[in-house]
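Chemist: Construct all of the structure, not just a fragment, from the sequences and the given hints.
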Amino acid sequence: MKDWRYWLAEQRGTLLAFGIFIVMFIIYTSNHPAGFTANVVQTASNKGVLLAFVAMAQTLVVITAGIDLSVGMIFLLTNCLASWLVIGTGIETAFGVVAVLGTGLLCGAINGAIVIYGRLQPIVATIATGAVYFGIALLLRPFPGGSVNEDLADALTGRLFGVLPASLVVLLAVVLVIWVPFSRSVLGRAAYAAGSSEMAAYMSGVPIRRGKFAAYALAGLLAAIGGLFLTFFTYTGEAAYASGNAYTLFSIAAVVLGGVSLFGGKGSAIGAIFGALAFRTIGDLLFVFDFDPLWQPLFQGVILLIAVSLGAFALFRVRNRLEWFL
Amino acid sequence: AEPEVVKGPAAEPDCFAPWSADTQFFKFPKKEGPYRIALANGYIANTWRIQMVQTAKAYAAQPDVAAKLKEFKVVSTGEDVPAQISAINNFIDSGYDAIVVNAQNPTAFGPVIKRAKEAGVVLVAFDNILDTKDAINVNVDQKGLGELWGNWLIKHVPNGGKILEVRGVAGTSVDTDRHNGIHEVLDASGKKWEVTEVVGKWDDGVAQKASADAIATNGPFDGVTGQGGDTGIVQAMIDAKHPFVPFGGETENGFRKFCAKFAADGLKCSSAGTGPAQVAVAMKTAIAALEGQVVPQAVKLPLAIVEDPNFKEGQDYFPDQSDNFFVGNSFPTCGINFTAQEIMGQSKENQ
Amino acid sequence: MSETTIGGIAGRVPKFIRRADPAVLTAFACIVLLLFVGSLYSRSFLSPEYLLQQLKVASFLGVIATGMMLVILLGQIDLSVPWSVAAGAMMACAAAAYGPVGVALAIPFGIFCGVAIGIVNGIGVAYLRIPSMIITLATNAVAQGLMVVYTGGFSPQDSATRAMRYLATGFAIPGVPNAVVIWALIGAATVFVLTRTGFGRTVYGIGNRERAAYLSGIDTRRVVLIAFAISGGLSAFGGVLLAGYASKAAQSMGDAYLLPSIAAVVLGGTSILGGRGSYLGTVAGVILITLLQSILSVMQMPEAGRQIIYGGVIVAMLLLYGRAPASR
Amino acid sequence: MDGAVPLFRMEGISKRYGGVRALEKAELSVTSGSIHAILGENGAGKSTLIKVMAGVVAPDEGRMMLDGSEVTFASPAAANQAGIVCIFQELSLVPELSVADNIVISDPPKRFGMIDRKAQRRIAEEALARAGAADIHPLALVKDLPLSRRQMVEIAKALARKPRILILDEATSALTAADVAKIFGVLKRLRSEGLALLYISHRMNEIAELADQCTVFRNGRNVASYVAGTKSDNEVVELMIGREYSHIFPPKPVRAPATAAPVLEARKLSWTDRLDNISLTVGAGEVVGLGGLDGQGQRELLLAFFGVLRGLSGQILIDGKPVTIASPAAARDDRIGMALIPEDRKTEGLMLPMTVRENLSFAALDRLSKAGIIDRAAEQRLIDDMVGLLAIKTAGLDIPVGALSGGNQQKVVIAKWLMRQPRIILLNDPTRGIDVGTKQELYQLMRKLADQGAAILFYSTDYDELIGCCDRVLVLYDGAVKRELVGAEITERALIASALNIHGEEMPVGQGAEA
Ligand SMILES: Nc1ncnc2c1ncn2[C@@H]1O[C@H](COP(=O)(O)OP(=O)(O)OP(=O)(O)O)[C@@H](O)[C@H]1O
Ligand SMILES: Nc1ncnc2c1ncn2[C@@H]1O[C@H](COP(=O)(O)OP(=O)(O)OP(=O)(O)O)[C@@H](O)[C@H]1O
Ligand SMILES: [Mg+2]
Ligand SMILES: [Mg+2]
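Residue numbers (my numbering), protein chains in the order written: chain A, 270 to 595; chain B, 138 to 488; chain C, 49 to 376; chain D, 112 to 626.
Bear in mind the hints are in silico, worked out from the structure with no lab data behind them. Heads up, the beta-carbon is just placed ideally off N, CA and C, and yes, glycines get one too. Do not rely on the hints blindly, as some may be mistaken.
As the list claims (entries may be wrong) - Ranges between beta-carbon positions, derived for each pair:
1. B:Gly281 x A:Ile296: 18 to 28 Å
2. D:Lys254 x A:Trp273: 18 to 28 Å
3. C:Arg270 x D:Ala230: 45 to 55 Å
4. D:Lys254 x A:Leu284: 14 to 24 Å
5. A:Val557 x B:Ile375: 47 to 57 Å
6. A:Leu284 x C:Leu153: 47 to 57 Å
7. A:Pro450 x C:Tyr89: 48 to 58 Å
8. A:Ala583 x C:Leu100: 51 to 61 Å
9. D:Ala169 x A:Ile575: 45 to 55 Å
10. C:Tyr89 x A:Pro302: 54 to 64 Å
11. A:Trp273 x D:Asn388: 28 to 38 Å
What the hints assert, rightly or not - Which chain D residues stay away from chain A? Per the calculated CB distances, all over 12 Å, these:
12. Arg120
13. Ser140
14. Val167
15. Ser303
16. Glu346
17. Pro373
18. Phe417
19. Ser438
20. Pro453
21. Ser480
22. Gly548
23. Lys559
Said to hold, decoys possible - Computed far set for chain D versus chain A, every beta-carbon distance over 10 Å:
24. Val182
25. Asn191
26. Glu207
27. Ala251
28. Arg314
29. Asp323
30. Trp382
31. Arg421
Modeler: Okay, structure coming up:
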């Protein structure tokens with residue numbers, strides 16, 4: 270078998286997600302009254318990038334065969350914090366950004382510590398920490414408000430050279446600066462190994478704990494980047510429980526659409542990003558198709574159902590029923 | 138094309154009442170109809186919002202309104218603020234003349250408001266309004282509502298006492314405003330109040346559970362005020378055999394049914410708020426603005442208040458309608474008056 | 049393994065208690081502790097009416113968590129709880145609009161709707177092999193969509209029938225709310241099914257290793273499907289009870305039950321990875337969560353503080369007894 | 112010992128698991144340039160001993176010395192640092208990672224702090240070549256490889272760590288003679304390169320071929336140490352199991368082949384590219400063996416019969432009547448009465464955390480319950496019978512089956528199927544990692560079942576077993592039946608020749624399984 274075949278097999282999930290996204294996005298823009306214009310793309314990308322960050326965060330944890338139900342809340346918490354700190358002179362703003370990212374990192378690290386060293390099951394541990402993070406967010410912003418350095422905000426949510434959405438550039442940068450190094454580092458591989466078979470990894474002397482810890486911590490960081498962007502996008506901070514939960518659940522959907530295995534050890538953040546963008550486009554489709562408003566939620570639900578069922582078609586290729594049980 | 142700031146009064150002074158003395162008045166450059174108007178809704182899956190969307194459709198369908206509209210499009214984007222912002226951006230890009238929005242977050246729309254302004258799109262917010270001077274707000278006096286309830290309690294619990302306050306969704310401005318309203322008047326009254334606060338999230342189930350617990354532990358109370366889920370609160374009182382006491386609450390049909398039924402037993406209610414029909418006022422305002430009429434930047438909606446003892450069946454409450462149905466859908470000053478059937482009956486034929 | 053650790057007392061205690069982890073005992077200890085803390089704030093936390101009140105409210109969560117536990121024992125999860133609950137409640141109330149027959153069939157119809165959602169989940173998980181975490185997320189969205197369309201389109205009847213009121217708030221046995229009785233019955237049935245029937249054994253088997261179960265000639269897919277159907281049905285039934293309690297149905301009813309039901313099951317010592325756990329634990333978990341929420345809500349604490357404590361306490365209790373064995 | 116300074120020495124090592132004494136004051140010393148075999152029953156303590164050596168488990172007491180100076184290993188990594196590398200009995204490969212990733216997993220080559228993919232691949236290719244498995248593609252995912260290939264990867268992985276002491280715990284238990292032969296070649300070369308090798312196996316012939324030094328363990332103690340070849344097999348086995356060692360294989364009935372009416376028959380069975388026009392019959396009372404190199408389609412064939420494979424072409428007949436078997440559920444149904452002892456007891460045969468009782472009755476629940484409710488009395492009765500029949504050694508019926516020794520775990524797997532009195536029994540390499548004593552019992556049992564009229568299809572990677580147990584052997588090669596050996600034709604020579612698909616006389620060089 271040729272090398273590229275192996276590469277292809279490895280990337281199948283990501284490519285599928287990419288495919289789904291492209292198809293949907295073409296349907297969207299080709300039906301959009303304004304068509305495929307810089308504005309439309311910018312709007313779509315700003316919205317998509319937010320979820321993309323959270324989905325990347327979720328990916329890191331899911332790779333270790335864990336799940337982080339607190340990403341949405343970290344996202345809110347950092348948003349509220351940013352609405353206090355990321356303001357003022359360049360220096361102050363810079364300091365604020367660092368502080369916000371630091372906070373996210375810390376939240377992630379706490380999750381990691383509880384799950385790995387406290388040996389708790391991730392689902393419920395992060396449900397709990399999520400509640401705590403939301404509580405803190407609420408302390409920071411009892412009601413919506415705050416402000417942000419608008420020049421920075423506009424720069425990062427605007428366009429480069431009048432065409433290229435800045436948010437996409439930032440996303441790319443984050444991928445290059447965080448994801449690529451992590452996935453190629455020893456810790457990253459440890460995270461994958463732990464997710465695929467913790468016992469085997471341990472027996473092979475892989476630093477599983479450090480690997481998993483790094484994954485959780487970085488997840489916090491990525492969620493914080495998302496929170497920061499939310500602030501840039503909305504100029505304000507709000508501790509909205511519902512939207513925190515929504516982002517957590519969306520991130521799971523995005524991760525799965527992105528071909529990341531919830532059983533761990535398999536998948537990439539790149540896939541998750543396309544999963545996120547695809548998921549967002551589902552929402553946009555409402556806009557271009559003329560649905561009775563009350564039918565829109567159903568439409569979205571059905572599309573999501575279909576999208577997640579796509580993976581099931583692989584099933585028909587399974588000739589050995591034992592493969593059902595992974 | 139920005140609106141020019143002009144002197145009042147507004148075109149229909151009684152309907153487009155300015156929020157306060159220093160409210161500005163806008164006059165947008167007149168556009169030729171018929172218009173393309175969009176409603177950017179957020180969360181959809183609760184009765185209030187569904188009723189609101191239905192009302193909007195009903196209003197847009199009224200002949201005289203329909204004549205002025207080329208297109209009326211509704212999009213609901215869920216809890217997610219950025220999604221709603223994007224929706225508005227999209228509406229702007231696709232050249233809608235006016236956008237009516239029930240904002241998920243009053244402070245988050247700065248950038249969009251800028252864009253709308255540049256694009257000369259009329260932006261009208263209602264229910265959860267936008268804190269800005271650049272968009273038109275059709276505004277319920279949330280704080281005033283709190284004050285109204287506070288005063289009601291002061292009036293009917295003459296010498297102070299234990300009050301159960303059931304709050305709404307924490308972190309929202311509506312909840313905070315109403316809460317502050319209540320407490321300011323209570324404190325001002327100079328009487329002695331012992332207020333037990335629980336969170337009801339404007340949801341009957343949650344409110345009922347919270348109230349039941351409060352009654353079992355801190356009860357009995359001399360008065361109750363609830364921002365929402367009031368049907369559940371009364372239900373909790375009934376289940377706990379809590380004596381009926383004065384109650385300042387919202388405008389749910391079920392709540393008013395109770396008020397009417399148990400008034401004699403001491404459930405003296407002030408039921409006030411502004412039903413989902415305010416969307417119609419928002420749309421009316423948008424159209425007026427497009428037609429180049431003078432409109433205030435902040436419209437003050439009249440509260441639909443009904444107080445004991447005058448709850449009238451078939452007008453203030455509808456026995457055969459759902460408990461979740463929000464009453465108070467008439468704004469006579471704006472010539473807007475929807476009956477329950479007109480709203481929920483939308484597609485009776487489906488039945 | 050629990051069996052070996054407390055196998056000593058095997059002879060004396062009934063089997064389902066023997067199956068229980070020491071976790072369960074700790075959980076009950078925590079309940080007592082919680083009540084004690086509460087009573088420091090206000091005596092009335094120990095008053096029988098308050099405790100009954102809590103048991104009553106707990107039984108709604110209890111019914112829902114029962115279904116969740118079944119699914120978790122399989123190593124799956126059911127995120128469609130919120131709208132299964134809402135659908136159950138709304139459809140039951142809606143049915144009542146259709147004459148005496150409707151009234152009579154209201155409750156079964158509500159449950160049936162939940163079962164239907166569960167079956168879709170089950171087909172997705174068992175036959176299409178879609179991870180439960182995502183398929184149930186999707187069905188939840190679909191259920192929500194259906195309910196919105198329904199409410200908007202049909203100006204539905206949504207006040208509870210007398211029967212529903214009676215089930216949730218009545219007293220067949222003086223002093224004991226019916227809701228509690230119902231939970232007890234469902235609980236007993238569950239314990240019996242899990243410990244005494246082939247289905248129960250199979251559930252644990254699949255939770256431990258579906259592959260081995262399949263190669264033992266079990267139709268594992270059918271079992272998974274049934275489990276999800278039951279879970280959906282119980283969620284819906286929980287919704288019916290809630291509607292009875294609130295005397296009406298509303299869309300957002302179920303939202304408050306997803307995370308708590310998961311937390312309750314896990315707090316009860318059931319492994320989220322499946323194959324291990326006892327119903328007694330779930331009972332403990334449910335009561336714990338309910339008490340915690342109630343006490344915090346009454347203690348006048350602002351929402352923020354409440355959330356922080358809620359999360360903190362759960363973590364603390366899990367660290368106390370919910371820890372996986374050390375790897376070395 | 113013969114004067115050579117021990118490179119590594121363990122003294123008074125003890126390890127307890129709860130009540131169980133895994134190791135009791137165990138001693139061991141290893142010298143460079145020699146292969147040291149460790150023998151012992153299941154549960155004798157071998158794995159535990161080497162797990163201690165490799166830093167996987169911490170000993171309760173005792174000390175270890177490397178080059179005369181005392182050492183303690185906090186983790187497998189630490190042991191690796193010290194040059195002690197172990198190939199564990201339970202494979203330690205990460206399934207979702209590629210072969211190359213796995214080979215360098217403990218310390219991958221780095222450039223700018225990131226893993227250097229090129230270097231990693233180079234290392235992997237070298238290691239694979241050294242392990243004599245150059246045919247494995249470094250980019251293939253481990254989960255896609257058959258067991259024997261994975262075992263080779265394990266060895267390559269070990270070599271890549273440049274060990275001074277290399278430990279193989281039942282590393283060959285899943286391999287066929289040909290693979291074993293390759294590995295032996297490698298091991299001998301390593302010895303000549305001055306490595307110290309520890310070799311654990313339940314296969315006497317391998318040890319005879321390979322070892323310089325032998326140490327026998329029983330109940331966590333080292334009971335004897337001797338230079339290889341100074342003791343007869345019988346003596347050794349008696350040391351191991353501490354009891355008289357009778358002839359291991361039961362006598363075969365002298366019967367004219369094919370008199371038995373075929374109970375199970377396959378006609379032109381094909382499936383993807385793994386099964387190719389297989390036709391065979393198994394008669395009542397017959398033990399038919401499946402031979403050949405590992406992964407020539409034997410497993411698939413058994414799965415095909417058991418209703419696990421989709422898209423089969425060809426026919427399966429039971430009692431001469433064509434049937435379609437769509438699932439194990441259908442296969443175990445009384446009309447067919449089939450049972451499969453699967454390949455891997457730990458993931459396919461048992462639910463390790465569940466109790467012995469639950470595992471035993473799992474396949475027979477439908478029979479044991481009325482209206483879905485389990486008749487516990489009946490269950491108890493049947494279980495007692497089985498525990499008696501197979502002499503399963505367990506501390507009780509309500510302890511996790513994972514706490515049993517592999518041998519006994521395997522007996523549970525078999526017992527759970529015997530509870531249904533199957534007429535057709537498919538065995539997929541049932542004696543893997545099982546000690547001589549237990550093996551012997553299984554052989555006896557197999558013959559007994561056959562004599563009671565069961566039709567048995569038996570795949571084994573161990574040629575001695577095929578020779579000892581089977582009335583007929585079908586040798587598979589590349590998914591097709593290459594040769595059928597009957598009665599006296601079944602010799603190691605014939606098996607290997609046809610397994611390698613070479614005709615008769617000229618044998619491959621350096622194939623080691625020849626005892
Ligand atoms: N994880 C464990 N938990 C409890 N007891 C254990 C564990 N591992 C080993 N033991 C005990 O140690 C004894 C020796 O186990 P060990 O794995 O060393 O036997 P072994 O010689 O490797 O058997 P085999 O030949 O089947 O590999 C066992 O009989 C068992 O009682
Ligand atoms: N959780 C446990 N509790 C008690 N004993 C255990 C446990 N896990 C393993 N053992 C013991 O470990 C011993 C060996 O187990 P191990 O898995 O090392 O190999 P094995 O089971 O002995 O046989 P095999 O060689 O086939 O693996 C068994 O005798 C068993 O008693
Ligand atoms: Mg061993
Ligand atoms: Mg062993």
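Chemist: Looking back at the hints listed earlier, which ones does the structure fail to meet?
Modeler: 1, 14, 18, 19, 20, 25, 26, 27, 30, 31
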